[in-house]
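*Asks:* Turn these sequences into a full structure, and let the hints steer you where they fit.
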Amino acid sequence: MSSIIELNGVSKSFGGVKANADISMKVEKGGITGLIGPNGSGKTTLFNSIVGYHPIDKGSIKFEGQEISKMLVPEIARLGLLRTFQTTRIYGAMNCVQNMLISLPHRKMSLMDALKRNTREDYERAEHLLEFVGLYEKRNLRSGSLSFGQQKLLEFAMALMNEPTVLLLDEPTAGINPTLINGLIDRLKRANSEFGITLLIIEHNMRVIMNMADTVYCLAHGEMLASGKPEDIQDDPRVIDAYLGAH
Amino acid sequence: MNKALLYIAIIAFTIVAPFLFPAYNTQLATLWLMIIVALSWDMTGGQMGYNSLGNIFFYGTGMYVAAVVTIGLVYNVGEYTAASGGGIYEWTPTQYYTGLALSLIAAGLFCSLCAIIIGYLTFGLRGPYFAIGTLGVAIAAGELVSNWDWVGGGQGISMPSPPGDFENFKFLIYFLYAATGVALFMFCKWLYSTRFGAAINAIRDDEEKAEAMGIHTLRYKLVAWAMSAFFVGVAGAISAFQLIHFEPLETAYQTINLGIFMVVCVLLGGKGTLWGPVIGAIMFHVFKELTWNYFLGWQWVALGALIVVVVVYFQDGLMGWLATKKPEWFGETIEEKPVEAAQ
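First to last, the sequence lines map onto chains S and Z. When you number the first sequence by our numbering, it's gap-free, plus one each residue, and the end is 245. When you number the second sequence by our numbering, it's gap-free, plus one each residue, and the end is 361.
Treat the hints with care, as some may be off.
Below, in silico cross-link-like pairs of lysine to aspartate or glutamate (EDC-like), each with a Cα-Cα straight-line distance of 20 Å or less [unchecked claim]:
hint, chain 1, residue 1, chain 2, residue 2
1, Z, LYS21, Z, GLU225
2, S, LYS136, Z, GLU346
3, S, LYS106, Z, GLU225
Far from chain Z, by Cβ distances over 10 Å, these chain S residues were calculated [said to hold, decoys possible]:
hint, residue
4, SER67
5, GLU119
6, MET204
7, THR213
8, ALA240
Per the computed footprint, the stretches of chain S lying under chain Z, defined by three or more beta-carbons under 8 Å from a beta-carbon of chain Z, are [stated by the list, open to error]:
hint, region
9, 13 to 25
10, 220 to 234
Think of the hints as simulated: they come from the structure by calculation, not from any bench. Backbone N, C-alpha and C define an ideal beta-carbon position, used for all residues, glycine too.
*Replies:* Shown next as structure tokens:
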């Protein structure tokens, strides 16, 4: 497997706070990569750096071999590198199907294509994906009236609708009922295997991430603490110290 | 089926109304003007979330484009305005109607071009800043034009008088507005059913998310505003022929009158809906004419009170109020998957 995202020596500070210091990591194409670390360890900052929300101070970020650290959010999104938000962002005033149809990959459309109506296939795909995340029955409801967990599922379905190459998920299971989490893990895995989408996941729930990821990176205090297979990370004393506090 | 009947009834009424109520011909024409500016304001204000207070710029610019095209086809515009009506300038009917037809198209296209240029400069602004920024553009344009002697400066400019009977000319104006209004309504109905329509809704609801999903936000915003400006420009051009003489600050770039009225119409009817601006324009026009007739002297107070009541109590307008009262009318239901499809 080759790497699709490559970070080399990425640093980012906010004033005196070093959110990320000299981070290097690789996301394997077609795989599931996990990113863990205690609160405030710089995970979301790293995500934001990758998708272009803020410029980085040092280092390089490559997507499919192309340097993207100087590019803007919409430009990066149009390359097929998509992110979901820690606090979900959906279009609350619209129903679920509309939310899905808006998420069609506009980057692949010319203006003339955009001035066409959605096709029968678009609707079918939207409904199929809503069924995939278990929201089919609620498809005609205002998405803002859904519960937080359902909104997260909707946001995930919207991301799949967009046919991304890589999907960056910021805590996909946070706020979701534990009984639904197993279903979500299964769906994430299927998105990876069936749709061939490379996943990079920030997650606090160790059971979830150890269950899914091929490779796990652990951040602490803005630095890369450890990386490797889930089993190795789980037993790494430095990781345990970072989470539980070293004595 | 019922919908088709409704549309046919509306079109039929549109056609016979000026003949049934010839005394109200000008009123009905103005009503169509309100519908046009309200519908086109809603394209960006309601559907895309960019509340422009400067759409009146396109109305005024449309008027001046019409004047320059119609006069310029036959005479030298600078000499014409310098003569201030002193010279003898006449148009044959053919020249007049050629000017009229070309004016409408030229005004629309020129305003679209202006929208793209102004949009490029102002679409970085969000929310109230965009509203103030565009208002500034409209006010500045009025001041600039009133100091531009080539188009008549603060005196304004006169269009040629219409050839033939003036009563017939009123019908022509009415039907020009009505045709533009119907075309705009059908255009909006089609546009909001496309992916483009959905995308501008996405920009309204969460532009950052739309960007993160790879939607070409700036491009779509420019195109939407250019479409909206086209129709306002055409309406302005028709107004130029209707009013015959107009001046820059009170008529063409009338920010505090029509510039605000179009927003109030949309607020009354319901932002971001297809029918809202139309219903709002009718409600507003009736309200305005009633107060102007029966409460003269207090009409601005009444109008102010109406705006306050709408903004405080009915922010979503009539259609929005209906949508919260009767969500099922708008298709908001829980629907189980049909059994055969689930297998």
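*Asks:* Work down the list of hints and note, for each, if the structure agrees.
*Replies:* Okay, the hints, checked on the actual structure:
1. Only pairs whose Cα atoms come within 20 Å are accepted, and LYS21 of chain Z paired with GLU225 of chain Z is rejected, the gap being roughly 34 Å.
2. With a C-alpha separation of about 14 Å, the suggested pairing of LYS136 of chain S with GLU346 of chain Z holds against the 20 Å cut-off.
3. Restraint check for LYS106 of chain S and GLU225 of chain Z: the C-alpha separation of about 19 Å stays at or below 20 Å, so the hint holds.
4. Even its closest Cβ contact with chain Z, about 17 Å, leaves SER67 of chain S beyond 10 Å, as expected for a residue assigned away from the interface.
5. Look at GLU119 of chain S: its CB is around 13 Å from the nearest CB on chain Z, clear of 10 Å, so calling it non-interface holds up.
6. The claim that MET204 of chain S is not at the interface with chain Z holds, since no C-beta of that chain comes within 10 Å of its own (minimum 28 Å).
7. A cut-off of 10 Å between C-beta atoms confirms that THR213 of chain S is not in contact with chain Z; the least separation is 25 Å.
8. Against chain Z, the non-interface label of ALA240 of chain S holds: every CB pair exceeds 10 Å, the least being about 30 Å.
9. Given a C-beta distance limit of less than 8 Å, the hint that chain Z covers the region 13 to 25 of chain S is violated, as 0 residues qualify and 3 are needed.
10. Given as covered by chain Z, the region 220 to 234 of chain S fails the check, having 0 residues with a CB less than 8 Å from a CB of that chain where 3 are the minimum.
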